[in-house]
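Whenever a hint applies, use it, and build me the whole structure from the sequences.
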Amino acid sequence: MDPEAFLDLANQVVKLKMYPYFDIAHSVLCALHVREDLGPGAQAFSRKHPMSCWLSTMLVVFAGGMLCNGLLGEPVLAPLKNTQQLVVATVVWYVIFYTPFDIGYKAAKFLPIKIACSGMKEIYRCKKVYDGVTHAAKLYPNAYIIMILIGTLKGNGAGFTKLFERLIRGVWTPTAMEFMQPSFPTKACIVASVIFVLDKKTDLISAPHALVYFGIVIFFVYFKLSSLLLGIHDPFVPFENLFCALFLGGIWDALAKLLGRGGNKDEKADAKKKD
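Under the UniProt record's numbering, think of the first position of the sequence shown as 1, with each following residue one higher.
It should be emphasised that the hints constitute simulated quantities derived from the structure, not laboratory data.
Treat the numbers as computed from the prediction; the structure is a model and nothing was measured.
Heads up, none of these hints are tricks.
Simulated pairs of lysine-lysine, DSS-like, Cα-Cα distance not exceeding 25 Å:
{"#": "1", "residue 1": "K17", "residue 2": "K127"}
{"#": "2", "residue 1": "K114", "residue 2": "K127"}
{"#": "3", "residue 1": "K138", "residue 2": "K187"}
{"#": "4", "residue 1": "K17", "residue 2": "K81"}
{"#": "5", "residue 1": "K15", "residue 2": "K201"}
{"#": "6", "residue 1": "K162", "residue 2": "K48"}
{"#": "7", "residue 1": "K109", "residue 2": "K48"}
{"#": "8", "residue 1": "K127", "residue 2": "K201"}
{"#": "9", "residue 1": "K187", "residue 2": "K201"}
{"#": "10", "residue 1": "K138", "residue 2": "K201"}
{"#": "11", "residue 1": "K138", "residue 2": "K127"}
{"#": "12", "residue 1": "K15", "residue 2": "K114"}
{"#": "13", "residue 1": "K114", "residue 2": "K187"}
{"#": "14", "residue 1": "K187", "residue 2": "K162"}
{"#": "15", "residue 1": "K187", "residue 2": "K224"}
{"#": "16", "residue 1": "K200", "residue 2": "K187"}
{"#": "17", "residue 1": "K81", "residue 2": "K138"}
{"#": "18", "residue 1": "K224", "residue 2": "K17"}
{"#": "19", "residue 1": "K162", "residue 2": "K127"}
Okay, here's the thing in C-alpha coordinates:
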(Lines of atoms letter the chains of each structure in order from A and count residues from 1; the text may use other names and numbers.)
(Lines give C-alpha, C1' and ligand atoms only; values in the text may rest on other atoms or scores of the structure.)
Protein backbone atom coordinates (compact mmCIF):
# COMPACT_ATOMS: atom_id res chain seq x y z
CA MET A 1 0.00 0.00 0.00
CA ASP A 2 1.14 3.51 -0.76
CA PRO A 3 2.52 5.18 2.43
CA GLU A 4 0.28 8.22 1.99
CA ALA A 5 -2.80 6.04 1.52
CA PHE A 6 -1.83 3.99 4.58
CA LEU A 7 -1.42 7.15 6.65
CA ASP A 8 -4.77 8.42 5.38
CA LEU A 9 -6.40 5.13 6.44
CA ALA A 10 -4.76 5.43 9.86
CA ASN A 11 -6.13 8.96 10.26
CA GLN A 12 -9.62 7.74 9.39
CA VAL A 13 -9.38 5.01 12.03
CA VAL A 14 -8.33 7.57 14.65
CA LYS A 15 -11.34 9.74 13.79
CA LEU A 16 -13.90 6.92 13.90
CA LYS A 17 -17.00 7.72 15.95
CA MET A 18 -17.84 5.03 18.50
CA TYR A 19 -21.57 5.73 18.69
CA PRO A 20 -23.69 3.82 17.86
CA TYR A 21 -22.16 0.85 16.03
CA PHE A 22 -19.06 0.30 18.16
CA ASP A 23 -21.08 0.85 21.33
CA ILE A 24 -23.52 -1.82 20.15
CA ALA A 25 -20.69 -4.29 19.46
CA HIS A 26 -19.18 -3.61 22.88
CA SER A 27 -22.55 -4.05 24.61
CA VAL A 28 -23.27 -7.29 22.72
CA LEU A 29 -20.02 -8.91 23.87
CA CYS A 30 -20.50 -7.65 27.44
CA ALA A 31 -24.01 -9.12 27.59
CA LEU A 32 -22.70 -12.37 26.11
CA HIS A 33 -19.99 -12.43 28.77
CA VAL A 34 -22.57 -12.12 31.56
CA ARG A 35 -24.85 -14.75 30.05
CA GLU A 36 -22.05 -17.26 29.50
CA ASP A 37 -20.69 -16.59 32.99
CA LEU A 38 -24.12 -17.52 34.38
CA GLY A 39 -23.82 -20.92 32.72
CA PRO A 40 -26.70 -23.26 31.84
CA GLY A 41 -29.05 -21.53 34.28
CA ALA A 42 -28.69 -18.11 32.63
CA GLN A 43 -32.18 -18.02 31.16
CA ALA A 44 -33.86 -19.07 34.41
CA PHE A 45 -31.78 -16.53 36.36
CA SER A 46 -32.72 -13.70 34.01
CA ARG A 47 -36.42 -14.49 34.51
CA LYS A 48 -36.16 -14.72 38.27
CA HIS A 49 -33.69 -11.86 38.91
CA PRO A 50 -34.02 -9.30 36.07
CA MET A 51 -32.73 -6.37 38.17
CA SER A 52 -29.61 -8.25 39.23
CA CYS A 53 -29.06 -9.38 35.64
CA TRP A 54 -29.41 -5.83 34.30
CA LEU A 55 -27.17 -4.26 36.96
CA SER A 56 -24.38 -6.78 36.43
CA THR A 57 -24.54 -6.26 32.65
CA MET A 58 -24.43 -2.46 33.00
CA LEU A 59 -21.46 -2.79 35.34
CA VAL A 60 -19.59 -4.81 32.73
CA VAL A 61 -20.49 -2.35 29.95
CA PHE A 62 -19.43 0.77 31.90
CA ALA A 63 -16.78 -0.80 34.16
CA GLY A 64 -13.78 1.06 32.72
CA GLY A 65 -15.25 4.52 33.12
CA MET A 66 -16.57 3.83 36.64
CA LEU A 67 -13.28 2.42 37.88
CA CYS A 68 -11.18 5.24 36.45
CA ASN A 69 -13.52 7.92 37.78
CA GLY A 70 -13.35 6.40 41.24
CA LEU A 71 -9.55 6.36 41.20
CA LEU A 72 -9.27 9.90 39.82
CA GLY A 73 -11.68 11.42 42.34
CA GLU A 74 -14.47 11.98 39.83
CA PRO A 75 -18.14 10.88 40.10
CA VAL A 76 -18.25 7.09 39.79
CA LEU A 77 -21.68 7.12 38.13
CA ALA A 78 -20.71 9.76 35.54
CA PRO A 79 -20.50 7.20 32.68
CA LEU A 80 -24.23 6.55 33.14
CA LYS A 81 -25.10 10.16 32.35
CA ASN A 82 -24.80 9.37 28.64
CA THR A 83 -28.44 8.38 28.11
CA GLN A 84 -27.87 7.22 24.53
CA GLN A 85 -25.19 4.71 25.53
CA LEU A 86 -27.28 3.53 28.47
CA VAL A 87 -30.30 2.96 26.21
CA VAL A 88 -28.16 1.07 23.68
CA ALA A 89 -26.71 -1.15 26.43
CA THR A 90 -30.16 -1.82 27.89
CA VAL A 91 -31.68 -2.71 24.50
CA VAL A 92 -28.79 -5.07 23.77
CA TRP A 93 -29.17 -6.66 27.22
CA TYR A 94 -32.87 -7.23 26.56
CA VAL A 95 -32.21 -8.74 23.14
CA ILE A 96 -29.58 -11.15 24.48
CA PHE A 97 -31.67 -12.35 27.42
CA TYR A 98 -35.36 -11.98 26.54
CA THR A 99 -36.07 -12.29 22.80
CA PRO A 100 -38.55 -15.05 21.84
CA PHE A 101 -37.00 -18.46 21.22
CA ASP A 102 -33.65 -16.98 22.31
CA ILE A 103 -33.11 -15.57 18.81
CA GLY A 104 -31.00 -12.64 20.04
CA TYR A 105 -28.53 -14.84 21.90
CA LYS A 106 -28.26 -17.33 19.03
CA ALA A 107 -27.67 -14.53 16.53
CA ALA A 108 -24.96 -12.95 18.72
CA LYS A 109 -23.27 -16.35 19.03
CA PHE A 110 -23.31 -16.88 15.25
CA LEU A 111 -19.61 -16.92 14.35
CA PRO A 112 -19.57 -14.26 11.57
CA ILE A 113 -21.53 -11.85 13.79
CA LYS A 114 -19.34 -12.60 16.78
CA ILE A 115 -16.18 -12.04 14.73
CA ALA A 116 -17.50 -8.69 13.45
CA CYS A 117 -18.47 -7.58 16.97
CA SER A 118 -15.11 -8.73 18.36
CA GLY A 119 -13.15 -6.77 15.77
CA MET A 120 -15.23 -3.65 16.43
CA LYS A 121 -14.84 -4.04 20.17
CA GLU A 122 -11.05 -4.14 19.86
CA ILE A 123 -11.15 -0.84 17.97
CA TYR A 124 -13.38 0.44 20.78
CA ARG A 125 -10.88 -0.87 23.35
CA CYS A 126 -7.99 0.97 21.72
CA LYS A 127 -10.00 4.20 21.82
CA LYS A 128 -10.74 3.65 25.52
CA VAL A 129 -7.08 3.01 26.34
CA TYR A 130 -6.00 6.13 24.50
CA ASP A 131 -8.71 8.24 26.16
CA GLY A 132 -7.66 6.92 29.57
CA VAL A 133 -3.99 7.74 29.01
CA THR A 134 -4.86 11.20 27.65
CA HIS A 135 -7.19 12.02 30.53
CA ALA A 136 -4.68 10.89 33.15
CA ALA A 137 -1.93 12.87 31.40
CA LYS A 138 -3.98 16.06 31.77
CA LEU A 139 -4.47 15.50 35.51
CA TYR A 140 -0.98 14.14 36.29
CA PRO A 141 1.38 15.26 33.50
CA ASN A 142 4.48 13.54 34.89
CA ALA A 143 2.93 10.46 36.53
CA TYR A 144 3.59 7.78 33.94
CA ILE A 145 2.46 4.91 36.18
CA ILE A 146 -0.93 6.58 36.71
CA MET A 147 -1.32 7.05 32.95
CA ILE A 148 -0.57 3.37 32.33
CA LEU A 149 -2.89 2.28 35.15
CA ILE A 150 -5.82 4.40 33.98
CA GLY A 151 -5.31 3.38 30.35
CA THR A 152 -5.32 -0.29 31.36
CA LEU A 153 -8.42 0.00 33.55
CA LYS A 154 -10.23 2.03 30.91
CA GLY A 155 -9.48 -0.61 28.29
CA ASN A 156 -10.39 -3.69 30.35
CA GLY A 157 -12.33 -2.48 33.37
CA ALA A 158 -14.67 -5.48 33.24
CA GLY A 159 -11.80 -7.79 34.14
CA PHE A 160 -11.19 -5.86 37.37
CA THR A 161 -14.86 -5.65 38.39
CA LYS A 162 -15.55 -9.35 37.85
CA LEU A 163 -15.63 -10.03 41.59
CA PHE A 164 -18.24 -7.34 42.28
CA GLU A 165 -20.20 -8.09 39.12
CA ARG A 166 -20.62 -11.71 40.21
CA LEU A 167 -21.46 -10.59 43.73
CA ILE A 168 -24.42 -8.61 42.34
CA ARG A 169 -25.65 -11.93 40.96
CA GLY A 170 -25.20 -13.65 44.33
CA VAL A 171 -21.95 -15.45 43.55
CA TRP A 172 -18.85 -14.99 45.72
CA THR A 173 -15.59 -15.95 43.96
CA PRO A 174 -12.72 -14.29 45.87
CA THR A 175 -10.10 -15.96 43.67
CA ALA A 176 -11.46 -14.25 40.52
CA MET A 177 -9.01 -11.38 40.83
CA GLU A 178 -7.52 -9.92 37.67
CA PHE A 179 -4.39 -8.95 39.60
CA MET A 180 -3.73 -12.61 40.47
CA GLN A 181 -4.24 -14.01 36.97
CA PRO A 182 -4.19 -11.19 34.40
CA SER A 183 -6.03 -12.03 31.20
CA PHE A 184 -4.66 -11.30 27.75
CA PRO A 185 -6.82 -8.15 27.30
CA THR A 186 -5.31 -6.72 30.49
CA LYS A 187 -1.76 -7.45 29.34
CA ALA A 188 -2.51 -6.03 25.89
CA CYS A 189 -3.95 -2.86 27.45
CA ILE A 190 -0.80 -2.46 29.58
CA VAL A 191 1.37 -2.71 26.47
CA ALA A 192 -0.86 -0.28 24.56
CA SER A 193 -0.84 2.18 27.48
CA VAL A 194 2.95 2.07 27.67
CA ILE A 195 3.22 2.74 23.92
CA PHE A 196 0.76 5.65 24.11
CA VAL A 197 2.66 7.14 27.05
CA LEU A 198 5.95 6.85 25.17
CA ASP A 199 4.30 8.39 22.11
CA LYS A 200 2.86 11.34 24.07
CA LYS A 201 5.60 12.02 26.58
CA THR A 202 8.90 11.04 24.97
CA ASP A 203 10.74 11.23 21.66
CA LEU A 204 11.42 7.49 21.53
CA ILE A 205 8.65 6.96 18.97
CA SER A 206 9.14 9.10 15.88
CA ALA A 207 6.21 7.73 13.85
CA PRO A 208 3.08 9.86 13.43
CA HIS A 209 0.49 9.39 16.16
CA ALA A 210 -2.07 8.05 13.68
CA LEU A 211 0.28 5.21 12.67
CA VAL A 212 1.00 4.34 16.31
CA TYR A 213 -2.72 4.28 17.06
CA PHE A 214 -3.49 2.21 13.95
CA GLY A 215 -0.70 -0.24 14.82
CA ILE A 216 -2.22 -0.86 18.25
CA VAL A 217 -5.65 -1.34 16.66
CA ILE A 218 -4.18 -3.99 14.34
CA PHE A 219 -2.46 -5.63 17.32
CA PHE A 220 -5.72 -5.82 19.28
CA VAL A 221 -7.84 -7.03 16.37
CA TYR A 222 -5.29 -9.59 15.13
CA PHE A 223 -4.90 -11.37 18.46
CA LYS A 224 -8.63 -11.26 19.21
CA LEU A 225 -9.41 -12.93 15.90
CA SER A 226 -6.54 -15.37 16.47
CA SER A 227 -8.16 -16.29 19.78
CA LEU A 228 -11.55 -16.89 18.13
CA LEU A 229 -10.37 -18.68 15.00
CA LEU A 230 -7.02 -20.29 15.91
CA GLY A 231 -7.28 -20.79 19.67
CA ILE A 232 -4.26 -18.57 20.44
CA HIS A 233 -5.41 -17.19 23.79
CA ASP A 234 -2.29 -15.58 25.28
CA PRO A 235 0.81 -14.98 23.13
CA PHE A 236 2.54 -13.33 26.11
CA VAL A 237 2.90 -16.62 28.02
CA PRO A 238 6.27 -17.73 26.50
CA PHE A 239 7.80 -14.31 27.22
CA GLU A 240 6.38 -14.32 30.76
CA ASN A 241 7.82 -17.78 31.43
CA LEU A 242 11.23 -16.68 30.15
CA PHE A 243 11.15 -13.47 32.21
CA CYS A 244 10.11 -15.34 35.37
CA ALA A 245 12.82 -17.93 34.85
CA LEU A 246 15.55 -15.29 34.39
CA PHE A 247 14.54 -12.54 36.80
CA LEU A 248 11.95 -13.85 39.27
CA GLY A 249 13.82 -16.77 40.73
CA GLY A 250 12.76 -19.55 38.39
CA ILE A 251 16.28 -20.74 37.51
CA TRP A 252 17.50 -20.51 41.09
CA ASP A 253 14.48 -22.40 42.44
CA ALA A 254 15.01 -25.17 39.91
CA LEU A 255 18.73 -25.29 40.75
CA ALA A 256 17.97 -25.42 44.47
CA LYS A 257 15.58 -28.34 43.95
CA LEU A 258 18.16 -30.14 41.82
CA LEU A 259 20.90 -29.66 44.41
CA GLY A 260 18.47 -30.60 47.16
CA ARG A 261 17.67 -33.89 45.47
CA GLY A 262 21.35 -34.54 44.97
CA GLY A 263 22.03 -33.81 48.64
CA ASN A 264 19.23 -36.16 49.71
CA LYS A 265 20.65 -38.94 47.54
CA ASP A 266 24.11 -38.49 49.11
CA GLU A 267 22.62 -38.56 52.62
CA LYS A 268 20.70 -41.76 51.82
CA ALA A 269 23.83 -43.37 50.38
CA ASP A 270 25.83 -42.47 53.52
CA ALA A 271 23.09 -43.88 55.74
CA LYS A 272 23.11 -47.19 53.83
CA LYS A 273 26.89 -47.46 54.20
CA LYS A 274 26.63 -46.97 57.96
CA ASP A 275 23.97 -49.67 58.14
